[in-house]
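Chains as they are written, first to last, in our numbering: chain A, 1 to 346; chain B, 347 to 554.
To be clear, the hints were calculated from the coordinates, so they are not data collected in a lab. Just so it is clear, the structure is predicted and the values come from calculations on it, not from any experiment. All residues carry an ideal CB built from backbone N, CA and C; glycine is no exception. Some hints could be false.
Unchecked claim - 20 Å max Cα-Cα, derived PhoX-like pairs, lysine-lysine:
1) A:K33 <-> B:K549
2) A:K144 <-> A:K313
3) A:K24 <-> A:K197
4) A:K236 <-> A:K197
5) B:K493 <-> A:K40
6) A:K184 <-> A:K236
Unchecked claim - Computed from the model, here is a short list of chain A residues facing chain B with C-beta under 7 Å:
7) D28
8) G32
9) E43
10) L46
11) D48
12) A53
13) F56
14) E63
15) A73
16) A76
17) L77
18) L83
19) T84
20) N86
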Amino acid sequence: MWGRRPPFCHSFKRNKMSQSIHKKILFDFFDGKATAIQRKHVEEWLRDSANEAFFFQCLDEWESLHPQYIPNASPALERFVALTKNAENQLVEQIPETEFEPTRSRRTWVWGIAASVVLLLSSGFLFQKNLFYESYRTGYAQTKSLYLADSTQVSLNANSTLWVPRWGFDDKREVLLEGEGEFKVTHTIDNKRFVVKTDREFNVEVLGTEFVVFARPRGNKVVLNKGKVEVHYQQKQLTLRPGDVLSLPANAVRPQLTKAAQPERQATWKNHQFYFDDAPLAEVRHTIEEHFGLRVTIADSGMNDRRLSGYFKASSAQEIADILSALLGTPVALSGDQLTISKPIQ
Amino acid sequence: MAQHISQPDETSGFLHDDGNLPGTGGKVIGGEELLNRIFAQNPRQGAELLFRKYYANLCNHAIRFVFSRDIAEEVVAEVFANFWQSRAYEKDIASYPAYLYQAVRYRAYNYLKHELNRTAPLDALYVRPDQSPNPEEILRYNELSRKIDGFIRELPPQCRRAFLLSRVEGLKYSEVALEMSITASAVERLISRALAKLRQDLKDDLKN
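Bound-form chain A, shown alone:
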C-alpha cells in the first residue's frame, strides 16, 4: 500500500535514535504538531522494531487522553466472553478422537481443566494483588516521577510505594499509596473520580487537581495545591481548599486542619530539596529518617525545641548531616545509618 521498508538499517544510528526519542515528540506527532524533522526522527527511531511497543503504548495513552466518545464496553465484553466460551466448546468437539490414540487427546483436555483449576486455587490475595496491580517503588534517598495510564503525574518521595491497577482503571481511578507522593491528576471527559487510598482509613478523592499525600507509620497528611479534594477518614469526610493541610498523626483521634504558607513547597523533595517552615527539630528528624533511612539520635533533649526554617538541598545522608551541623552549630556525626546530633559546643 505505502511501499515496502527500505533495506537501509544502520545499527549505530538506530541505537542513537532510540536513546533520544521522547514521549513528548510522539504526543506532538499524534496531535499533528510535529515538525518534518521530528517526524523523520520518529521514523528513523521506529526502524528498530524494539521501539514499536513503546510507540503503541504511547498511542494508547494518547487515545485515553483524547477520547472521542465513551463506548459502552459491557455488552461488547459479554459478547466476547461468550465467544471465547463458545470457541472452547467447539474445540472440545474438534479434538480428533483418532482410533490410534484415543487416550492422548482426552488427556490433553483433562490437563487443560487441571491447569485452570490450579490458577483458580492460587488466586489468593497476594497473587491477586500482583496480578491486578503493578507497583512502583523508591528506595531511600531516591525519588521517582511517573505517568499513569490516564496521564496523571505522580512524584514519589523516597521510601514509598504506589500500587496501580495493571489492566487500567475501571469506573473509578484507584491507587494505593504507602509513603509520600505528589499527584497531578488529569481530568477525564467522563469525570472519573481519582482516589488515593492509604492503608489506614484515610482516602483522598479528587477530580483533577494537585496535591501531596503523606501516608507513613507516624501519620497521614494531605496538602492541597490546586483544585478540590475530599478526604474520607473514619467514615467522615472533609473537603479541602487550596492551601489546606489535613494531618492525622498516628496516635491522634482527630485530624488537624491547618493552612500551608507555601503549599507548592510541600513536594520540594522531588528535587532532593527540603523545605522547613519554623519546624521543630523533632519533626525535621522524622523527615530525615524517612527520606534517608537513617536513625537520628539527638543527644540533648533540650534541642528538640530548636526550630528550623528554610530551603535545603541534600541528595545524600552526608549532605544533610553537614547542613544540620551548620544550621545548629553543633557537631553532627554520620556513621552507617546512625546520625547523631551532639550537644552544642559551648
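Starting from the structure of chain A, add chain B where the hints point.
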C-alpha cells in the same frame, strides 16, 4: 526513550520489606511476559483482561478512520474475535498494544477503502503480516486519521452536521431530517456530497 516512564517494579509483592532498590533481588517480569504467562495458564482470563484494558481506546482509535461508532465497535470486536480464534496469544506476542492497534488499523482501513470504492476488492488483510511493518506505514496511519479529521472539520456546517449525525450517531436519514428540520432527500444529498468529497480527498491514500 522510556526513561521518562518508570518501569514497574514487579519484584515487590504487597507484603514487601522496605529498603530494596527497585528491580533488585529477583527477576523482573514485564507486563507482556506476565500476560503471556496468564495466556499459557488460562487463555480466557488473559483475553478478558486484554479486552477490558484496550477495548475503549481501540474503539476511539478505529472511529478516527471509519467515523462511525457502530463500525468502530464492530471493527474492534472483530479484531478480538480474530485474536481469539486464531490463537494469536500462543505466538508469544512482544507487545499486545502494538498487535491490537495495528490489527484495528488494517481492518478499519480496509473497511474505509471498501466503502469509498466499492469496486475495489476487499483485502483479506485482517491478520497482521508476519514481517515487521514499515515505520513509514505506521506513521501514515496516524496522518491518515488526521487527514480524515481535517476533512470533516472543513465540510460546510450543514453537510458536516448531517454527516456526523448519520455516521457517528448512527441515525437514519429520516431521523437526521427530523433533527435538522430538512427533508430526508436533502439529508441524502448532503451526505452523498460529503462522501464524494471524502472519496476525492483520500483518492491517493486509498490507492493500492
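Worksheet item: At a threshold of 7 Å, is the proposed contact between A76 (chain A) and chain B supported by beta-carbon distances?
Response: Hint on A76 (chain A): holds, closest Cβ of chain B at ~6 Å, below 7 Å.
Worksheet item: Are T84 (chain A) and chain B close enough, Cβ to Cβ, to be under 7 Å, as the hint says?
Response: 5 Å, holds
Worksheet item: Per the CB criterion, is A53 (chain A) less than 7 Å away from chain B?
Response: 3 Å, holds
Discussion item. Quick check on the hint: D48 (chain A) CB to chain B CB, less than 7 Å?
Written reply: 9 Å, violated
Practice prompt. Under 7 Å, Cβ to Cβ, is where F56 (chain A) needs to be relative to chain B, so tell me if that hint holds or is violated.
Written response: 4 Å, holds
Worksheet entry | K493 (chain B) paired with K40 (chain A) [C-alpha distance capped at 20 Å] | 19 Å, holds
Worksheet item: Does E63 (chain A) meet its interface restraint, that is, does its C-beta lie within less than 7 Å of any C-beta in chain B?
Response: 4 Å, holds
Worksheet entry | Given hint N86 (chain A) near chain B, where the shortest CB pair must fall under 7 Å | Violated. Min distance 10 Å.
Discussion item. Interface hint check: L77 (chain A), Cβ to nearest Cβ on chain B, cutoff 7 Å. Holds or violated?
Written reply: Since the shortest Cβ distance to chain B is 6 Å, the answer is holds.
Discussion item. Against the 20 Å threshold, does the CA-CA distance of K24 (chain A) and K197 (chain A) hold or violate the hint?
Written reply: Distance ~30 Å between K24 (chain A) and K197 (chain A) Cα, so the pair is violated.
Practice prompt. Starting from K236 (chain A), check that the Cα of K197 (chain A) is at most 20 Å away, please.
Written response: Satisfied, since the Cα-Cα distance of roughly 15 Å is no more than 20 Å.
Worksheet item: Has the given pair, K184 (chain A) with K236 (chain A), been kept, meaning a C-alpha gap of at most 20 Å?
Response: 24 Å, violated
Checked against the numbered hints listed earlier, the structure breaks hints 1, 3, 6, 7, 11 and 20; every other hint is satisfied.
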